[in-house]
Amino acid sequence: MHELSLAVQLVQIADEAARAADAKRVTAVVVKIGALSGVAEDALRFAFDVAVADTLLAQARLEIHPVSVKVVCPRCGIVELPSLQRFCCPQCDTSTADVRTGREIELESIEVE
Amino acid sequence: MPPRIVQVRQGLLKKNDAIAAALRADFAAAGTFVVNLVSGPGTGKTLLLERTLSALRDRGRRPAALVGDLATDNDAVRLARSGAPVRQINTHGLCHLEADMVGRHLQGWNLAEHNYLFVENVGNLVCTASYDLGESLRVVLLSVTEGEDKPLKYPTLFNTADAAIITKCDLATACEFDSAEAERNLRAVRPGLPIVSLSAKTGDGMDEWLAFLESRRGSEG
Ligand SMILES: Nc1nc2c(ncn2[C@@H]2O[C@H](COP(=O)(O)OP(=O)(O)O)[C@@H](O)[C@H]2O)c(=O)[nH]1
Ligand SMILES: [Mg+2]
Ligand SMILES: [Zn+2]
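From first to last, the protein sequence lines are chains A and B. Take -14 as the starting number for the first sequence in my numbering and just add one per residue. Take 2 as the starting number for the second sequence in my numbering and just add one per residue.
If you are wondering where the hints come from, they were derived from the structure by calculation, not from laboratory data. As the structure is a prediction and not an experimental result, all values here were calculated from the model. Take the hints with a grain of salt, since some may be wrong.
Unchecked claim - Chain B is faced by these chain A residues, among others (derived, beta-carbon under 8 Å):
hint: 1; residue: Leu(-9)
hint: 2; residue: Asp0
hint: 3; residue: Ala2
hint: 4; residue: Thr12
hint: 5; residue: Ser22
hint: 6; residue: Gly23
hint: 7; residue: Glu65
hint: 8; residue: Pro67
hint: 9; residue: Leu69
hint: 10; residue: Phe72
hint: 11; residue: Gln76
hint: 12; residue: Glu91
hint: 13; residue: Ser94
hint: 14; residue: Val97
As the list claims (entries may be wrong) - Derived list of chain B stretches under chain A, where covered just means 3 residues or more per stretch with a C-beta under 8 Å from a C-beta of chain A:
hint: 15; segment: 7 to 18
hint: 16; segment: 30 to 38
hint: 17; segment: 92 to 103
hint: 18; segment: 149 to 163
As the list claims (entries may be wrong) - Here are the computed lysine-lysine pairs in the PhoX-like style, where the Cα-Cα straight-line distance is at most 20 Å:
hint: 19; chain 1: A; residue 1: Lys17; chain 2: A; residue 2: Lys55
hint: 20; chain 1: A; residue 1: Lys17; chain 2: B; residue 2: Lys15
hint: 21; chain 1: B; residue 1: Lys16; chain 2: A; residue 2: Lys17
From the three backbone atoms N, C-alpha and C, an ideal C-beta is built for every residue, glycine too.
Modelling step: build the complete structure from the supplied sequences, incorporating the hints.
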């Protein structure tokens, strides 16, 4: 359950960004989570609720934006992977290990007051 | 003040990634080839490492090792039998190693004296995937007793690996292990993955593994 470590980092980064913006509190955070990031959404939500206690984020809503896995097919260019169990182009079946999106674990933005 | 949106766009792992990048630069400057061993608990990381450290020392190499564990220092005691310098990283319950733990446990060691550094990660098939430790090579282990479909169940970890080792091959027949299917599954989630099959217990396949390590270290140059 590394989601707790991630949630602690999330609170820290959001807190710094909120203070830099002279905000009194954070009302929402938007996080991008790739399908290949190894992060479990439920575990992150649970950890977030623990990590925000007594911080500027105490009342913040957690918005999770999932990011699909995109790979580079040598023939077809950037394509979306339909299954994490098979790293092959969905159009021509060429295998590829060149992952372009899907590993994200990112704080995208915060909503502050 | 009315609510407003502040763009942040920062990776939650940026701190770890920055420490890992600094470590990687230190390792490169010292000529230390670093291998991060990841797998579930009981796959055979410690036994393989024990045999690898001994074999490399027999070849005149100077390997060192860090070994992560949730609570005990049993693995460090086992590894120290090889004669190589070994330190335990006790994570106190944390399910993976992070770059700063590696950095802290290297203090006092002169990296230039070690051409290899092995890091045995905490036995965990999920959390270890996200943490760069500054390694040159991430090696995932799959034992014949775990079944051929582990890569399909944990694609994130297997996808981030640079090489795979199928361990405990001496037990393959007893487990009715289908090695062709295991290799197919490994390469389904990580096309092109180099795979070595071995038994640390009998020594079968160890030469191929050592040759692989030496060639990768050589090409780092
Ligand atoms: N038969 C057999 N047993 C092995 C082999 N490698 C490891 N083991 C055994 O598997 C168990 C777990 O091994 P260990 O190295 O501690 O795994 P770790 O948790 O991944 O570090 C121990 O009882 C080892 O003796 C092998 O190649 N063959
Ligand atoms: Mg071990
Ligand atoms: Zn294609």
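A quick look at each hint next to the structure:
| no. | hint | in the structure |
| --- | --- | --- |
| 1 | Leu(-9) | holds, 5 Å |
| 2 | Asp0 | violated, 11 Å |
| 3 | Ala2 | holds, 5 Å |
| 4 | Thr12 | holds, 6 Å |
| 5 | Ser22 | holds, 7 Å |
| 6 | Gly23 | holds, 4 Å |
| 7 | Glu65 | violated, 15 Å |
| 8 | Pro67 | violated, 13 Å |
| 9 | Leu69 | holds, 4 Å |
| 10 | Phe72 | holds, 5 Å |
| 11 | Gln76 | violated, 16 Å |
| 12 | Glu91 | holds, 5 Å |
| 13 | Ser94 | holds, 5 Å |
| 14 | Val97 | holds, 6 Å |
| 15 | 7 to 18 | holds (count 10) |
| 16 | 30 to 38 | violated (count 0) |
| 17 | 92 to 103 | holds (count 4) |
| 18 | 149 to 163 | holds (count 5) |
| 19 | Lys17/A x Lys55/A | holds, 15 Å |
| 20 | Lys17/A x Lys15/B | holds, 14 Å |
| 21 | Lys16/B x Lys17/A | holds, 17 Å |
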